[in-house]
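Participant: The residues making up each chain are set out below.
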Amino acid sequence: EAQVTQNPRYLITVTGKKLTVTCSQNMNHEYMSWYRQDPGLGLRQIYYSMNVEVTDKGDVPEGYKVSRKEKRNFPLILESPSPNQTSLYFCASTRTGTNEKLFFGSGTQLSVL
Amino acid sequence: SQKIEQNSEALNIQEGKTATLTCNYTNYSPAYLQWYRQDPGRGPVFLLLIRENEKEKRKERLKVTFDTTLKQSLFHITASQPADSATYLCALDLLSGNTPLVFGKGTRLSVIA
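Chains A and B supply the protein sequences, listed in that same order.
Just so we're on the same page, this note's numbering is the position in the first sequence counted from 1, plus 786.
Just so we're on the same page, this note's numbering is the position in the second sequence counted from 1, plus 318.
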């Protein structure tokens, strides 16, 4: 089954404790991206990757890192999480190099205390 | 500033009626527009994409129109069912450099039996 898999589904952590949210897709998609979704603000892009070893900033990249060492994986790293990073995070991928027809993961609800 | 608005935060409609959701934008010249469905706690699911040179697109009970003069897209669900209850998001892509996909905040549709 074609899917984007994120882990964990829920995560509670404390300020400053480094964490990684994993994202993997099994569709051989070139393009992957991370979004956060906050009430009243909608979905906002954090980082995206057009292909292996190619990443770039989206709208709200501060406080986040990503890497794309393999085509299927695109982890999101929070080196020093802060409470304002409490949010619902989604990984997405698409076959083309554009934003058409994104496949989204099920989401990771992160709470930073 | 660039802006994308979905007509209302919530819309209630009787089962069997046609639901019409609106997406308006200002200061954009999008190459295409997309509609996604999002259920609570889940990732958005792609529904339809319409390009700037297309007036209308259909998929089963769904229809989307795109008026670049009015800067507006309408999303219709005919013969609505309670299972259509969800939040619907519109998203614009400018295809200009590395501009990320811009999402509206969504309209929460409730179809009442």
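Each hint should be verified, as a subset may be incorrect.
[Said to hold, decoys possible] Derived lysine-lysine pairs resembling DSSO-like cross-links, with alpha carbons at most 30 Å apart:
1. A:LYS887 <-> B:LYS373
2. A:LYS855 <-> B:LYS381
3. B:LYS389 <-> A:LYS851
4. A:LYS857 <-> A:LYS843
5. B:LYS423 <-> B:LYS377
6. A:LYS803 <-> A:LYS857
7. A:LYS851 <-> A:LYS887
8. A:LYS804 <-> A:LYS857
9. B:LYS381 <-> B:LYS321
10. A:LYS887 <-> B:LYS321
11. A:LYS843 <-> A:LYS804
12. A:LYS857 <-> A:LYS887
13. A:LYS855 <-> A:LYS887
14. B:LYS423 <-> B:LYS389
15. B:LYS335 <-> B:LYS377
16. A:LYS887 <-> A:LYS803
17. A:LYS887 <-> B:LYS389
18. B:LYS377 <-> B:LYS321
19. B:LYS335 <-> A:LYS843
20. B:LYS381 <-> B:LYS335
21. B:LYS321 <-> B:LYS389
22. A:LYS843 <-> A:LYS803
23. B:LYS335 <-> A:LYS851
24. A:LYS855 <-> A:LYS843
25. B:LYS423 <-> A:LYS887
26. B:LYS321 <-> B:LYS375
27. B:LYS423 <-> B:LYS375
28. B:LYS377 <-> B:LYS389
29. A:LYS843 <-> B:LYS389
30. B:LYS377 <-> A:LYS804
31. B:LYS375 <-> B:LYS389
32. B:LYS335 <-> B:LYS389
33. A:LYS843 <-> B:LYS321
34. B:LYS321 <-> B:LYS373
35. B:LYS381 <-> A:LYS843
36. A:LYS843 <-> B:LYS377
[Claimed, not checked] To be clear about the criterion: a stretch of chain A counts as covered by chain B if any three or more of its residues have a C-beta under 8 Å from a C-beta of chain B, and this derived list gives those stretches:
37. 803-816
38. 885-891
Hints listed in this document are in silico derivations from the structure and should not be mistaken for laboratory results.
Predicted, not measured: the structure shown is a model, and the values here were computed from it.
Ideal Cβ positions, reconstructed from N, Cα and C, are used throughout, including at glycine.
Participant: Now tell me, hint by hint, if it's right for this structure.
Facilitator: Hint-by-hint comparison with the structure:
{"no.": "1", "hint": "A:LYS887 <-> B:LYS373", "in the structure": "19 Å, holds"}
{"no.": "2", "hint": "A:LYS855 <-> B:LYS381", "in the structure": "40 Å, violated"}
{"no.": "3", "hint": "B:LYS389 <-> A:LYS851", "in the structure": "35 Å, violated"}
{"no.": "4", "hint": "A:LYS857 <-> A:LYS843", "in the structure": "18 Å, holds"}
{"no.": "5", "hint": "B:LYS423 <-> B:LYS377", "in the structure": "23 Å, holds"}
{"no.": "6", "hint": "A:LYS803 <-> A:LYS857", "in the structure": "27 Å, holds"}
{"no.": "7", "hint": "A:LYS851 <-> A:LYS887", "in the structure": "24 Å, holds"}
{"no.": "8", "hint": "A:LYS804 <-> A:LYS857", "in the structure": "24 Å, holds"}
{"no.": "9", "hint": "B:LYS381 <-> B:LYS321", "in the structure": "23 Å, holds"}
{"no.": "10", "hint": "A:LYS887 <-> B:LYS321", "in the structure": "21 Å, holds"}
{"no.": "11", "hint": "A:LYS843 <-> A:LYS804", "in the structure": "20 Å, holds"}
{"no.": "12", "hint": "A:LYS857 <-> A:LYS887", "in the structure": "18 Å, holds"}
{"no.": "13", "hint": "A:LYS855 <-> A:LYS887", "in the structure": "23 Å, holds"}
{"no.": "14", "hint": "B:LYS423 <-> B:LYS389", "in the structure": "17 Å, holds"}
{"no.": "15", "hint": "B:LYS335 <-> B:LYS377", "in the structure": "17 Å, holds"}
{"no.": "16", "hint": "A:LYS887 <-> A:LYS803", "in the structure": "34 Å, violated"}
{"no.": "17", "hint": "A:LYS887 <-> B:LYS389", "in the structure": "21 Å, holds"}
{"no.": "18", "hint": "B:LYS377 <-> B:LYS321", "in the structure": "27 Å, holds"}
{"no.": "19", "hint": "B:LYS335 <-> A:LYS843", "in the structure": "43 Å, violated"}
{"no.": "20", "hint": "B:LYS381 <-> B:LYS335", "in the structure": "14 Å, holds"}
{"no.": "21", "hint": "B:LYS321 <-> B:LYS389", "in the structure": "11 Å, holds"}
{"no.": "22", "hint": "A:LYS843 <-> A:LYS803", "in the structure": "23 Å, holds"}
{"no.": "23", "hint": "B:LYS335 <-> A:LYS851", "in the structure": "46 Å, violated"}
{"no.": "24", "hint": "A:LYS855 <-> A:LYS843", "in the structure": "17 Å, holds"}
{"no.": "25", "hint": "B:LYS423 <-> A:LYS887", "in the structure": "18 Å, holds"}
{"no.": "26", "hint": "B:LYS321 <-> B:LYS375", "in the structure": "24 Å, holds"}
{"no.": "27", "hint": "B:LYS423 <-> B:LYS375", "in the structure": "22 Å, holds"}
{"no.": "28", "hint": "B:LYS377 <-> B:LYS389", "in the structure": "22 Å, holds"}
{"no.": "29", "hint": "A:LYS843 <-> B:LYS389", "in the structure": "28 Å, holds"}
{"no.": "30", "hint": "B:LYS377 <-> A:LYS804", "in the structure": "44 Å, violated"}
{"no.": "31", "hint": "B:LYS375 <-> B:LYS389", "in the structure": "16 Å, holds"}
{"no.": "32", "hint": "B:LYS335 <-> B:LYS389", "in the structure": "26 Å, holds"}
{"no.": "33", "hint": "A:LYS843 <-> B:LYS321", "in the structure": "20 Å, holds"}
{"no.": "34", "hint": "B:LYS321 <-> B:LYS373", "in the structure": "22 Å, holds"}
{"no.": "35", "hint": "B:LYS381 <-> A:LYS843", "in the structure": "34 Å, violated"}
{"no.": "36", "hint": "A:LYS843 <-> B:LYS377", "in the structure": "34 Å, violated"}
{"no.": "37", "hint": "803-816", "in the structure": "violated (count 0)"}
{"no.": "38", "hint": "885-891", "in the structure": "holds (count 7)"}
Violated hints, listed in ascending order, are 2, 3, 16, 19, 23, 30, 35, 36, 37; each of the other numbered hints is respected by the structure.
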